[in-house]
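Q: Top line first, the protein sequences correspond to chains A and B.
For what it's worth, the working numbering labels the leading residue of the first sequence as 2, then goes sequentially.
For what it's worth, the working numbering labels the leading residue of the second sequence as 83, then goes sequentially.
These aren't lab readings, by the way, just hints derived from the structure by calculation.
Here the structure is a predicted model, which means the values were calculated and not measured.
Don't take each hint at face value.
What the hints assert, rightly or not - Facing chain A, according to a computed beta carbon distance under 7 angstroms, are these residues of chain B, among others:
| # | residue |
| --- | --- |
| 1 | Val203 |
| 2 | Pro204 |
| 3 | Phe205 |
| 4 | Pro207 |
| 5 | Gly221 |
| 6 | Thr239 |
| 7 | Phe245 |
| 8 | Ser246 |
| 9 | Trp248 |
| 10 | Leu249 |
| 11 | Pro258 |
| 12 | Gly282 |
| 13 | Asp315 |
| 14 | Ala393 |
Unchecked claim - Where chain B lies over chain A, by a calculated footprint (3+ residues, C-beta under 8 angstroms):
| # | segment |
| --- | --- |
| 15 | 9-16 |
| 16 | 64-76 |
| 17 | 145-152 |
All residues carry an ideal CB built from backbone N, CA and C; glycine is no exception.
Residue-level listing of the chains:
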Amino acid sequence: MLWTGLSPDEARTYLEEKDKSKRDKRMTMTEAVKRFVKDGDNIGVGGFVNSRQPVAIAHEIIRQGRKDLILSFQSAGLVPDYLLGAMALKPDHLSVQRMEFAYNGHEYAGTSSMLRYMTENEKIFIEDWTNFSMSARFKTASMGLPFMPIRSGQGGDIEKCNRSQVIECPFSKRDILLIPACHPDVGILHVQEADIYGNCRIKGQTFTCPEIAMASKNVIVTCEKLVDHQIIAMDPTRTSIPFFAVDAVVEIPFGCYPTVCHDVHYYDKIHLEHFKGLTDAFRKGDRESLAAYYDTYIFDVADTDEFIGKIPYKQLKYARQTESRSLELQTRLTPPAA
Amino acid sequence: MNLKQDKVMDLTTAINTYVKDRCHLSLGGFTINRNPMAAVYEIIRQRVKNIHLYAHSNGQGVDELIGGGCVSHLEIAYGGSGKFASTCIRFRKAVEENLLQVEDYTNYQMTLRFLAGAMGVPFLPCRSSMGTDIVNKWGFSQEMRKTSKKLPDDKLTIMDNPFSGWLDTEKVVLVPAIQPDVTIVHVQKADKRGNCRIQGLTFADAEQAKAAKHLIVTCEELYDNDELKTDSDQNQIPFIHVDAVVHVPHGAYPTACYHHYDYDPNYLKAYAKKAKDDTLHGEYLKEMIHGCQTQQDLIAKTGPEQMAAIAADPQTGYARNLDRK
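Produce the complete structure using the sequences and hints provided.
A: Written out as structure tokens, the structure is:
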């Protein structure tokens, strides 16, 4: 059996020996990526399509450069796109060898052009799963189980091109699909609130972030804001990810920009469509425009401070306003021009 | 999927509609926390018989239902009411007198079985219980199981792990899903169509709720449908699973309901004493259960002074300075 990332046995052994003490896990983004993202790692990407994508972490991985990465996620947009774009531009600096996922795209704005470029040119290996099966794979790993039965995917071509297995259920005597656990080497997540120990509060949809956190060997979390541990302790049922699952906490407001951070800011249509347009153009032969984007927003900036510094204030303001105001108030806003 | 926008009904109607003789019932809560006690008492009052009951670690609710003569089969990991009865008293008596058939699983297995039911899959794998009598000894025989359409033919099964070995073993234990006819849970907040918000530990309530064909929710506070839309990520049970919403303040009494009231040590102590003696227990049933028409009658018997003593402190969610002896 091929286990990308950790096998259930390796994950169990690692977890037994892991330092689970409650300690201050704040560090710089540079240090977090340096310590926890290695060549060949299976990276579990948190968020969902255009929501809470760990963009700040992805940018830092791109700046530092890593080889032969594996990306595992349910449905994601920008983070795999950024990483694949970096590989397309500088394959000797950053490369992705494999992706295990259900969907890579931008909803209304279409499927990922970088994914199409990579697959059409046979530059990466992809393993196709349903959305539910990827969620279930993280859930399985988070529970410490080796596999889980699911109904999704049966009778379709998906079961033929991934590592799932069909067995006859000993109870129902009908066929059922078994999917293997997914234990990434590192989970990368952006959340609304965290304390210095790594306890995280996710607002709105949690997607598979808690499952990825519990499934991964190491976890890097960026948060919109650090909150006092006392606040977390006062209402512990709101803790979506417990501290012992987390290894690095980096406070980065707008750390998932230009994707949505529920209750903080909406997605920035202008920036998202700009980047999407450049990847579309890349696939059709325009390499320079995408390269210019990477230089401007990723390679020539030191960190997210400088990246966000390059975004027009009116766009950030509108993203904040559209997320925090009532629908009625939103209709009175004028969207900024591109 | 029940999409009605107003499922509010009284407890008598809810129990009468969904809890039938021989039904498979699961009870939410844990030991002496958030047991749906008002519903349990109403089931006893309606004299429902031969219930096939499921719980993971439930105490007072299970014990009173057994003592009330309502239960013929029980699948459970642990039945105890804290320090007041480390093993449930009527439960133990019923087993000793051969009045009750019991199937034994581990706590983890029972929660996995509810989770499997909630996910709509026939089983989940685990390693728990391997090499123990939980695997080797069955409370329900295979012959008995084969006579019931609602029961799997096997208590559990051991299978070779098709994805290679797992922690020094090639084998996994598969435990079958539970899909009860009806689940009853008691929650802090619910809206009229059934969205539920549980404060504090959820135990396996959400899984039990989603696994069942029908779901009765009793709640401390009843809200209009729009009110629980704020911070909707705090709602654990979506309304689609719910068939009846019953507003019963103190509906978990004498067990605890976090942020509303603590368990009542006086009541549980007195119950434990009476439960040990058939005559005293008979009197208890007559006076405290059949002698009350509603949960409010029972609360009235306890009296305002004791209810004030167990009221939850808003900061901690439980009663401070409560004499728990």
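Q: A separate judgement is required for each hint: does it hold in the structure or not?
A: Right, here's what the structure says about each hint:
{"no.": "1", "hint": "Val203", "result": "holds, 5 angstroms"}
{"no.": "2", "hint": "Pro204", "result": "holds, 5 angstroms"}
{"no.": "3", "hint": "Phe205", "result": "holds, 6 angstroms"}
{"no.": "4", "hint": "Pro207", "result": "holds, 6 angstroms"}
{"no.": "5", "hint": "Gly221", "result": "violated, 17 angstroms"}
{"no.": "6", "hint": "Thr239", "result": "holds, 5 angstroms"}
{"no.": "7", "hint": "Phe245", "result": "holds, 5 angstroms"}
{"no.": "8", "hint": "Ser246", "result": "holds, 5 angstroms"}
{"no.": "9", "hint": "Trp248", "result": "holds, 5 angstroms"}
{"no.": "10", "hint": "Leu249", "result": "holds, 6 angstroms"}
{"no.": "11", "hint": "Pro258", "result": "holds, 5 angstroms"}
{"no.": "12", "hint": "Gly282", "result": "holds, 6 angstroms"}
{"no.": "13", "hint": "Asp315", "result": "holds, 6 angstroms"}
{"no.": "14", "hint": "Ala393", "result": "violated, 20 angstroms"}
{"no.": "15", "hint": "9-16", "result": "holds (count 3)"}
{"no.": "16", "hint": "64-76", "result": "violated (count 0)"}
{"no.": "17", "hint": "145-152", "result": "holds (count 7)"}
Consistency with the previously given hints fails for numbers 5, 14 and 16, ordered from lowest to highest.
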